[in-house]
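Can you make the complete structure from the sequences, with help from the hints?
Just so you know, the protein sequences line up as chains A and B, in that order.
Read in order, the letters of the first sequence correspond to residues 1 to 354 in the UniProt record's numbering.
Read in order, the letters of the second sequence correspond to residues 1 to 289 in the UniProt record's numbering.
Read the hints as simulated data drawn from the structure, not as lab findings.
Don't take each hint at face value.
Covered by chain B, according to a simulated footprint, are these stretches of chain A (three or more residues, beta-carbon under 8 Å) [what the hints assert, rightly or not]:
(1) 168-179
(2) 184-198
Some chain A residues well away from chain B (every beta-carbon gap over 10 Å; in silico) [what the hints assert, rightly or not]:
(3) Arg-3
(4) Thr-37
(5) Pro-39
(6) Ser-121
(7) Asp-122
(8) Gly-278
Glycine is no exception: its CB is placed at the ideal position from the N, C-alpha and C atoms.
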Amino acid sequence: MDRKRTALTVAAAGTAAGVVGLILIASPAGANEAPPTLPPVSAEALVQSVIDAKTPALAGAVELRNNIGLPIPGLPQGSSDDELARVYADGQGRGRIALRQGGGERTFVQDGTTTWLWNSSDKSVTKFTSEAKDHSEEKLADPATVARDLVELIKKDSTVTVDGTARVADRAAYQLVLTPKPTERTLLREIRIAIDSETRVPLRLEVLANGQSDPALRIGFTEFSTGAQDPALFTFTPPAGAKVTEGKQEKSSEDKGELLKSADLKVVGEGWDVVATGKVPAALLSAQIPQSGERGGPVDATSILKKLGKEVSGSFGTGYVISTKVGTALVTTDGRVAVGAVPQQVLIDALGQK
Amino acid sequence: MTAQAAELVGGTDTLVVRRAPLGRVLRSELRMVLRRPRTLVGLGLLGLVPVVMGIGIAIATASGETGEGDAMAALVMGNGMLLPIFALSVAVVMLLPLTGAMLAADALAGESSHGTLRGMLMAPVGRGRLLAVKAFGVASVTLLAVVLMAVTGMITGVLLLGGDGMLTASGTSLPFGEALGRVAITVVYVALQVWALAAVALAVSAFTDHPLIVVVVTLGLVIVSGVLSAIPALDWIDPVLVTTSWEAVGEIVRDPISWSPLIDGALRAACYMLIGGSIAYSRMLTRDG
Numbered sequence: 001m002d003r004k005r006t007a008l009t010v011a012a013a014g015t016a017a018g019v020v021g022l023i024l025i026a027s028p029a030g031a032n033e034a035p036p037t038l039p040p041v042s043a044e045a046l047v048q049s050v051i052d053a054k055t056p057a058l059a060g061a062v063e064l065r066n067n068i069g070l071p072i073p074g075l076p077q078g079s080s081d082d083e084l085a086r087v088y089a090d091g092q093g094r095g096r097i098a099l100r101q102g103g104g105e106r107t108f109v110q111d112g113t114t115t116w117l118w119n120s121s122d123k124s125v126t127k128f129t130s131e132a133k134d135h136s137e138e139k140l141a142d143p144a145t146v147a148r149d150l151v152e153l154i155k156k157d158s159t160v161t162v163d164g165t166a167r168v169a170d171r172a173a174y175q176l177v178l179t180p181k182p183t184e185r186t187l188l189r190e191i192r193i194a195i196d197s198e199t200r201v202p203l204r205l206e207v208l209a210n211g212q213s214d215p216a217l218r219i220g221f222t223e224f225s226t227g228a229q230d231p232a233l234f235t236f237t238p239p240a241g242a243k244v245t246e247g248k249q250e251k252s253s254e255d256k257g258e259l260l261k262s263a264d265l266k267v268v269g270e271g272w273d274v275v276a277t278g279k280v281p282a283a284l285l286s287a288q289i290p291q292s293g294e295r296g297g298p299v300d301a302t303s304i305l306k307k308l309g310k311e312v313s314g315s316f317g318t319g320y321v322i323s324t325k326v327g328t329a330l331v332t333t334d335g336r337v338a339v340g341a342v343p344q345q346v347l348i349d350a351l352g353q354k
Numbered sequence: 001m002t003a004q005a006a007e008l009v010g011g012t013d014t015l016v017v018r019r020a021p022l023g024r025v026l027r028s029e030l031r032m033v034l035r036r037p038r039t040l041v042g043l044g045l046l047g048l049v050p051v052v053m054g055i056g057i058a059i060a061t062a063s064g065e066t067g068e069g070d071a072m073a074a075l076v077m078g079n080g081m082l083l084p085i086f087a088l089s090v091a092v093v094m095l096l097p098l099t100g101a102m103l104a105a106d107a108l109a110g111e112s113s114h115g116t117l118r119g120m121l122m123a124p125v126g127r128g129r130l131l132a133v134k135a136f137g138v139a140s141v142t143l144l145a146v147v148l149m150a151v152t153g154m155i156t157g158v159l160l161l162g163g164d165g166m167l168t169a170s171g172t173s174l175p176f177g178e179a180l181g182r183v184a185i186t187v188v189y190v191a192l193q194v195w196a197l198a199a200v201a202l203a204v205s206a207f208t209d210h211p212l213i214v215v216v217v218t219l220g221l222v223i224v225s226g227v228l229s230a231i232p233a234l235d236w237i238d239p240v241l242v243t244t245s246w247e248a249v250g251e252i253v254r255d256p257i258s259w260s261p262l263i264d265g266a267l268r269a270a271c272y273m274l275i276g277g278s279i280a281y282s283r284m285l286t287r288d289g
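The following block contains the structure:
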């Protein structure tokens with residue numbers, strides 16, 4: 001009897017300890033902590049301090065949660081907390097971003113004079129000299145820049161408030177909330193930005209759509225620490241056997257210019273209900289797209305649109321509406337396109353304004 | 001046999017049990033496991049896996065194919081020191097769990113089906129000590145399998161694919177010494193993960209007399225975990241699954257290494273070992289001869 005009791009105790013205690021351990025690993029640090037107490041700050045002062053702040057020497061891990069309902073090409077889909085990138089900066093303009101791509105990696109290294117772009121899947125290195133930096137990619141991966149630009153842009157059409165504090169990546173942070181003014185016709189409810197109380201670096205950006213409690217899009221640090229970084233992180237030597245190409249920024253921007261001209265891009269409206277309209281070449285709509293799967297032959301773009309979107313018709317003609325939680329896109333059969341973080345009707349109005 | 005190792009010295013009034021020295025018991029257990037033909041065949045086949053992979057990748061490189069698909073496979077071309085890590089990252093998904101399950105099945109259920117476990121349980125040997133010796137046998141042969149794969153992988157990689165250092169996924173080149181360190185980290189991490197699964201297998205093994213059941217249950221656990229982690233709606237369950245830790249092997253080829261997924265994976269393995277070990281121990285205590 002005694003032995004049986006010991007056996008049961010051991011089994012129960014061991015299993016319980018193991019399960020508790022597993023749950024502890026699963027729960028993110030600081031998830032249930034009370035929000036930190038910080039001295040109150042006005043929204044304007046907070047925004048100002050963010051704009052004034054210089055990026056300090058830091059190391060961090062960035063995570064992206066995309067709950068929009070449509071995959072973003074090149075970015076992980078779903079709500080899993082997959083690490084997106086690791087970011088390092090030395091505080092003097094040099095930095096390193098390691099962007100994950102499955103088991104591989106794309107690395108951007110800015111060593112002060114040159115930006116190196118490494119892609120592990122084909123072992124290629126692209127080199128950009130100082131002026132020709134690939135800004136768009138850097139901005140995409142660096143929440144600091146994303147949030148800073150947004151604050152400046154959106155302030156005139158939204159109410160900006162400081163809504164308490166939060167703990168992000170184990171750092172005390174202010175929560176800056178941007179709410180669209182009531183006149184704005186948008187699908188978005190609010191944008192929340194957590195700003196580190198010490199360095200004033202934006203730590204997290206959350207986009208919340210109407211009628212949703214969970215953020216549709218969240219990008220932010222999961223690990224964040226300041227302090228001097230290993231200088232070796234900010235240098236890059238192309239490894240033996242890698243293809244090195246000089247990045248030619250001018251040519252590609254020319255190409256882009258021509259593409260823009262033919263696309264006839266226009267921006268209608270301002271603030272939250274801004275709508276981008278344009279044209280896609282009719283050839284693209286009937287283009288044959290090879291299917292990624294092994295079954296079936298190539299499909300034309302229109303049938304993909306039919307699958308993804310809902311057919312609508314009105315004064316603008318006939319088109320397909322693709323709606324997600326944070327935005328809507330309308331593609332008409334004659335190749336006009338309108339995209340915005342707005343309901344369908346606003347897109348139709350925008351197309352009608354031409 | 002461990003049972004024979006316990007020596008009895010009987011007095012007239014008191015019964016003094018003198019234990020055999022632990023080292024001798026462990027050695028004899030190891031010798032017994034390694035004498036089984038299936039263990040040797042298994043080890044040999046595992047050692048061949050990196051060789052076959054290396055030959056395949058060398059042929060692909062020679063014929064100018066670009067390694068589309070697996071990101072790490074593309075990186076292994078001309079980068080021999082990465083081959084052991086790549087081979088282990090592939091083997092940890094199925095081959096090594098299978099090996100761990102087989103060893104754990106033989107350790108208790110196998111002995112039980114031969115009727116030899118009864119003798120050990122009857123002998124005046126602590127049940128905990130018996131389990132510990134059995135667990136040691138499973139753990140050290142698993143480690144041997146992992147080390148063997150790493151060694152054959154390194155030899156094949158350096159001979160067939162070349163490269164004096166290691167090219168990481170981050171595009172940096174590591175000198176040979178550091179590359180060796182990365183292989184060592186992989187060996188430790190992968191061995192821990194297989195131990196976690198083998199501990200669960202050992203718990204199952206303590207309950208049944210049929211070794212096949214142990215293998216089936218363990219592989220079932222692996223497959224079910226894989227299916228659960230593939231369902232997006234069940235993402236919240238991911239952090240507790242054994243299979244989640246296996247993905248972190250890829251972290252080792254990045255530079256600088258981000259340690260947190262590896263540490264999480266190691267802790268997760270420790271939790272599974274604790275659960276498996278304590279259930280196996282409690283079953284051994286109550287099991288009658």
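Evaluation of the provided hints:
1. Counting residues of the stretch 168-179 of chain A whose beta carbon lies closer than 8 Å to any beta carbon of chain B gives 0, which falls below the threshold of three, so the coverage claim is violated.
2. Counting residues of the stretch 184-198 of chain A whose beta carbon lies closer than 8 Å to any beta carbon of chain B gives 0, which falls below the threshold of three, so the coverage claim is violated.
3. Its closest Cβ contact with chain B, about 6 Å, brings A/Arg-3 to no more than 10 Å, contrary to its assignment away from the interface.
4. With a minimum CB-CB distance of about 28 Å to chain B, A/Thr-37 clears the 10 Å threshold, and the non-interface call stands.
5. At roughly 31 Å from the closest C-beta of chain B, the C-beta of A/Pro-39 stays outside 10 Å, upholding its exclusion from the interface.
6. Look at A/Ser-121: its CB is around 5 Å from the nearest CB on chain B, not clear of 10 Å, so calling it non-interface is violated.
7. Its beta-carbon lying about 7 Å from the closest one in chain B, A/Asp-122 breaks the requirement of being farther than 10 Å from that chain.
8. The claim that A/Gly-278 is not at the interface with chain B holds, since no C-beta of that chain comes within 10 Å of its own (minimum 32 Å).
In terms of the numbered hints stated before, the structure departs from hints 1, 2, 3, 6 and 7, listed from lowest to highest.
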